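So the protein lines, in turn, are chains A and B. So the first sequence is residues 1 to 478, counted in this note's numbering. So the second sequence is residues 1 to 384, counted in this note's numbering.
Since the hints were made in silico from the structure, they are not lab data. Small disclaimer: the values here were computed from a predicted structure and weren't measured. Any given hint could turn out to be false.
Here are the simulated lysine-lysine pairs, PhoX-like style, with alpha carbons at most 25 Å apart [stated by the list, open to error]: (1) A:Lys360 to A:Lys34; (2) A:Lys360 to A:Lys292; (3) A:Lys43 to A:Lys292; (4) A:Lys49 to A:Lys98; (5) A:Lys475 to B:Lys44; (6) A:Lys49 to A:Lys139; (7) A:Lys139 to A:Lys82; (8) A:Lys360 to B:Lys375; (9) A:Lys292 to A:Lys321; (10) A:Lys426 to B:Lys266; (11) B:Lys266 to A:Lys323; (12) A:Lys139 to A:Lys63; (13) B:Lys12 to A:Lys360; (14) A:Lys254 to B:Lys44; (15) A:Lys254 to A:Lys292; (16) B:Lys266 to A:Lys369; (17) B:Lys2 to A:Lys323; (18) B:Lys2 to A:Lys321; (19) A:Lys43 to A:Lys118; (20) A:Lys323 to B:Lys375; (21) B:Lys375 to A:Lys413; (22) A:Lys413 to B:Lys44; (23) A:Lys360 to A:Lys323; (24) B:Lys6 to A:Lys321; (25) A:Lys360 to B:Lys6; (26) B:Lys266 to A:Lys413; (27) A:Lys27 to A:Lys389.
Listing some non-contacts, in silico: residues in chain B with all C-beta distances to chain A over 10 Å [claimed, not checked]: (28) Pro38; (29) Pro67; (30) Ile106; (31) Leu280; (32) Pro287.
We put the CB at the ideal spot given by N, CA and C, even for glycine.
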Amino acid sequence: MCIFAAIFLIIREKIFKIMSDHIRLRKGLTIPLKGDAKNHITKVVTPDKVAIKPTDFRSLNAKLMVKEGDEVKAGTPVLTDKRRPYIFISSPVSGTVKEIVRGEKRKLLEIIIECDKKNEYRQISVPNYRSASKGEIIKSLIDSGLWSAFKQRPYGIVPDPEIEPKAIFISGFDSSPLASDLDYALRSDLESIQAGVDAISKLTQGGIHLGLHVSHYASSPFHRLDRVIIHTFDGDHPAGNVGVQIHHISPINKGEVAWTLDMHSLAAIGRLFIKGVYDVRRVIAITGPRAKNPSYIETIPGMPLMDIREYADNMNEEPNKDKVMPIRFISGNVLTGESVGREGYLGFFHNQITLVSEGKYFEMFGWIKPFRLSKFSFSRSYFSWLFPKRRYSSDTNLNGGERALVMTGLYEKVLPMDIYPMYLLKAIMAEDIDKMEQLGIYEVIEEDFALCEYVCPSKTEIQEIISNGIDLMIKEMS
Amino acid sequence: MKAIRKLVDNIKPTFSKGGRLSFLHSSFDAFETFLFVPDTVTRKGAHIRDSIDLKRTMTIVIIALMPALLFGMWNVGYQHNLSVGSEMDLWQTFMYGFWRVIPLVIVSYVVGLGIEFASAQIRGHEVNEGYLVTGMLIPLIMPVDMPLWMLALSVVFAVIVGKEVFGGTGMNIWNPALLARAFAFFAYPSHMSGDKVWVTGLSKGEGIVDGFSGATPLANAQAGLEIPDFTDMFLGTIPGSVGETSALAILAGAALLIFTGIASWKIIISVFAGGLITGLFLNLVAPPDSYLALPAYYHMVMGGFAFGAVFMATDPVTGSQTERGKWIYGLLIGFFAVVIRVFNPGYPEGMMLAILLMNTFAPLIDYTVVQAGIKRRMRRAVIK
Chain A
1 MCIFAAIFLI IREKIFKIMS DHIRLRKGLT IPLKGDAKNH ITKVVTPDKV AIKPTDFRSL
61 NAKLMVKEGD EVKAGTPVLT DKRRPYIFIS SPVSGTVKEI VRGEKRKLLE IIIECDKKNE
121 YRQISVPNYR SASKGEIIKS LIDSGLWSAF KQRPYGIVPD PEIEPKAIFI SGFDSSPLAS
181 DLDYALRSDL ESIQAGVDAI SKLTQGGIHL GLHVSHYASS PFHRLDRVII HTFDGDHPAG
241 NVGVQIHHIS PINKGEVAWT LDMHSLAAIG RLFIKGVYDV RRVIAITGPR AKNPSYIETI
301 PGMPLMDIRE YADNMNEEPN KDKVMPIRFI SGNVLTGESV GREGYLGFFH NQITLVSEGK
361 YFEMFGWIKP FRLSKFSFSR SYFSWLFPKR RYSSDTNLNG GERALVMTGL YEKVLPMDIY
421 PMYLLKAIMA EDIDKMEQLG IYEVIEEDFA LCEYVCPSKT EIQEIISNGI DLMIKEMS
Chain B
1 MKAIRKLVDN IKPTFSKGGR LSFLHSSFDA FETFLFVPDT VTRKGAHIRD SIDLKRTMTI
61 VIIALMPALL FGMWNVGYQH NLSVGSEMDL WQTFMYGFWR VIPLVIVSYV VGLGIEFASA
121 QIRGHEVNEG YLVTGMLIPL IMPVDMPLWM LALSVVFAVI VGKEVFGGTG MNIWNPALLA
181 RAFAFFAYPS HMSGDKVWVT GLSKGEGIVD GFSGATPLAN AQAGLEIPDF TDMFLGTIPG
241 SVGETSALAI LAGAALLIFT GIASWKIIIS VFAGGLITGL FLNLVAPPDS YLALPAYYHM
301 VMGGFAFGAV FMATDPVTGS QTERGKWIYG LLIGFFAVVI RVFNPGYPEG MMLAILLMNT
361 FAPLIDYTVV QAGIKRRMRR AVIK
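Extracted from the complex, chain A is given alone in its bound form (with noise of 0.2 Å):
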């Protein structure tokens, strides 16, 4: 039987090699939470109303086109750029346009749209996908508003149609905690992401990359496609991320540039080529420790989370008398999501929501319990390491102070890039354009530092200097 099995094994590592670029990365960590989704669909939404936030996209400056009490089709633009004009954003829905919500400086937070449930497209003209030039397929892109699906390394905005990438890369699976499950959510759009990839394939030289993990390698549907190069990669979070992966394939070099685009947008974009719409219905898990029966639904990005209300095991906004905490919804998991509250809704990217117990709770002398069995820690000054089978049931409790940066060797750990983080980081601190760009800032946006963040035990929030250090980057080099 061993033999068998090690010769089973040798053999399938071969065929990896031959027929694809195999990445082992030994760094990164899987938190291992409670309240993986099972796969199956258990409701599908059709929202009353949906929201657009110009916020999901990076340094967006945004352009009302619609006003409250417009009628809007699914695939009709309601946001454009001031300085961009290749930026579009369109409504997922048809309906009217009920609200228009600013925050702070009359900052664009939110366009409510009130949806008439006739789901009405907007038909686009297309071209032919198969034949038609790069300028066709762009133009396309742009009218429809899935050009904003598109994101750019360096910085992760919206790309420059004009500048040529050097490749476009795409995750073919999601790492991050309790992820959804893309070859269950997309085995049905198969068609759709081939048309998509046939489409922007048309969009540079350099090809598709397509990462997939190696243990989903054979059963995940993705590997059939045509026109794509595959990369498999092996390890935990944040392999699937798709800096992490362009790091190890083509990393991105001062002056470069590389696209990247997400599964669902690209189903959407093989949908718009083959009939002519903007569709971006997806199937996304509901997942975390506080989600009563964590499953998938298909729903449009834009949906009110309290259209899953019947997932959180709890409503209370306060402990309640048994002591369960309120629960906080993230929309996207639970490392690089954003807390949108119960009355929040979906983002544009998101492929997951995340439910986890709010920790605002006082623990005696918890930092000098031994045993606490509980808690999960990546190092082992907890006993977790113990039981590497066990899920937790992680609350947002910060587990300590902030305090200055004391411990190093930590971060390199979790962060599977030649790149020195600390150094990194404290280049970001001192503003210093040079040593950013020498350090890596190209190659890196805030999801990648995400782990970072987690285990870091002077709690530094690490993700906001990576966004302040793009933010720098972006008003400096533009």
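We have chain A; now place chain B onto it with these hints.
Here is chain B on its own, set in the frame of chain A:
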């Protein structure tokens, strides 16, 4: 627990902004977070965080120091018995040492934490946990007969000049505990070396048994005298600073630090490797019967070598911060420690100076390593 929480909540407003005692806010906060993990929740970024914090980290280091401390207490009693020729059972021996060592620990903590609280107060910061470890390290690397006022002065110097003037925890260049020792060493050399200070009572000239010498093996080795055998030095039944005589107890602490990942195993291994390689090389070229011919592995168990390698060199703030740099940093500490011991007639012990020297150069090592990384990135850019 509820009662205490209630009490804390009741007096909190007095110390908060606008309260009568708001100037004591940092101290109140320090005590509150000592009693309770705060109820702070994540605001942005990652919504959940690892359970480890700096308090936990520092606690692990203190636990790792316990074997050395407890053995040190027993050894103080044991050495005293040898010197006066008395006999005590294990418990009495330990308690004798306990009452000699505890004042050092208390003075170190009271003085050091006092300054930490005061400076946190002045700055309006939270009190950092760093001194919890430093405060334990300092008594362990001092001779047991040191006058308490001298210890207090060393602590004042280490905390103010060594740490606070640089901006507090995380900003200091030199290891504060070693700085305390260096201060005492150069300010009061007669109380820090010789053959009287390492055993209680000797400096006061209490009745000494014939043939007993209170000198440390290092001093003997330098003077060309006989040194105890390897096993005694490994176990630690020799005169020396309180916590650094027993390599065994220190290794027990090292095992915990390496297992929990709190100290860098790279630094610990490379310090020992550096000392061993240097010692072996000296053995090769040594004229017979000279200090150079001392077997290389003896250096590992003599003086503060093991203690320095495990607890001092691994200080993440003052040590090298890059993974590659840690190897170089450690190797050089081992190298310099042995070289200073062997070639410098002035100081029998080289570990303290070697670590302080490499603390100074750690940023340079890191700079070189990071520059090499930058060059890699630049080269990549040229090829593409």
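Fill in: Earlier hints that do not hold, by number
Numbers 6, 8, 11, 14, 15, 16, 20, 28 - these are the hints that the structure violates, sorted from lowest upward.
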